[in-house]
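Per our numbering, the sequence shown runs over residues 1 to 55.
The hints are simulated quantities; they were obtained by calculation from the structure and are not laboratory data.
One thing to keep in mind: the hints can contain errors.
What the hints assert, rightly or not - Below, a list of computed lysine to any residue pairs in the SDA-like style, where the Cα atoms sit at most 25 Å apart:
no.	residue 1	residue 2
1	K10	V23
2	K10	F25
3	K50	G36
4	K10	L24
5	K50	P39
6	K50	S38
7	K10	L22
8	K10	W20
9	K50	L37
10	K50	Q40
11	K10	L21
Stated by the list, open to error - Estimated spans, in silico, between C-beta atoms of each pair:
no.	residue 1	residue 2	range
12	K10	I34	32 to 38 Å
13	E47	L21	37 to 43 Å
14	L22	V53	45 to 51 Å
15	S17	K50	50 to 56 Å
16	W20	A49	33 to 39 Å
17	I18	K50	48 to 54 Å
18	P39	N12	40 to 46 Å
19	Y35	I7	35 to 41 Å
20	S38	S17	29 to 35 Å
21	I48	V26	50 to 56 Å
Note that CB positions come from ideal geometry on N, CA and C, so glycine has one too.
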Amino acid sequence: MVFFGPIIGKENAFAVSILWLLVLFVTSIIGGVIYGLSPQFKIKFKEIAKEEVLI
Numbered sequence: 001m002v003f004f005g006p007i008i009g010k011e012n013a014f015a016v017s018i019l020w021l022l023v024l025f026v027t028s029i030i031g032g033v034i035y036g037l038s039p040q041f042k043i044k045f046k047e048i049a050k051e052e053v054l055i
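Make a model of the complete structure from these sequences and hints.
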């Protein structure tokens, strides 16, 4: 609001800041999903079941 307030008005600057916050939130959610689904973090349930049987 500080940067764009004098140029486009405080109400519009607030709306732009809310939109940017939404964009950042959505991109962080997408990045988290991609990170969570990457092959290096796949949980191998068969290996876990074998380890539990051995214990």
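Please test the hint of 48 to 54 Å on the beta carbon pair from I18 and K50. 50 Å, holds
Between K50 and S38, does the CA-CA distance stay at or below 25 Å? 23 Å, holds
Hint check for L21 and E47 - Cβ pair distance inside 37 to 43 Å: This hint holds: roughly 41 Å between Cβ atoms.
Pair hint outcome, K10 versus V23 [Cα-Cα no greater than 25 Å]: This hinted pair holds, its Cα atoms lying about 20 Å apart.
Range agreement (Cβ of S17 with Cβ of S38, hint 29 to 35 Å): Hint holds: Cβ distance 32 Å, inside 29 to 35 Å.
Straight-line alpha-carbon gap K10 to L22, limit 25 Å: 18 Å, holds
Below or equal to 25 Å on CA atoms is what counts here, so check K50 against L37. Holds, because 23 Å separates the two Cα atoms, which is no more than 25 Å.
Sort out whether G36 lies within 25 Å of K50, counting only the CA atoms. Between K50 and G36 the Cα gap is close to 24 Å, so the pair holds against 25 Å.
Return holds or violated for the Cβ distance of I48 and V26 against the range 50 to 56 Å. 33 Å, violated
Determine whether the Cβ-Cβ distance between L22 and V53 falls within the hinted range of 45 to 51 Å. Roughly 47 Å apart at Cβ, these two residues keep to the hinted range, so it holds.
So the hint says 32 to 38 Å: do the beta-carbon atoms of K10 and I34 match that? Given a distance of about 36 Å, which is inside 32 to 38 Å, the answer is holds.
Within 50 to 56 Å: is that where the Cβ-Cβ distance between S17 and K50 falls? At 52 Å between Cβs, range holds.
Hint check: violations occur at hints 16 and 21; the rest are consistent with the structure.
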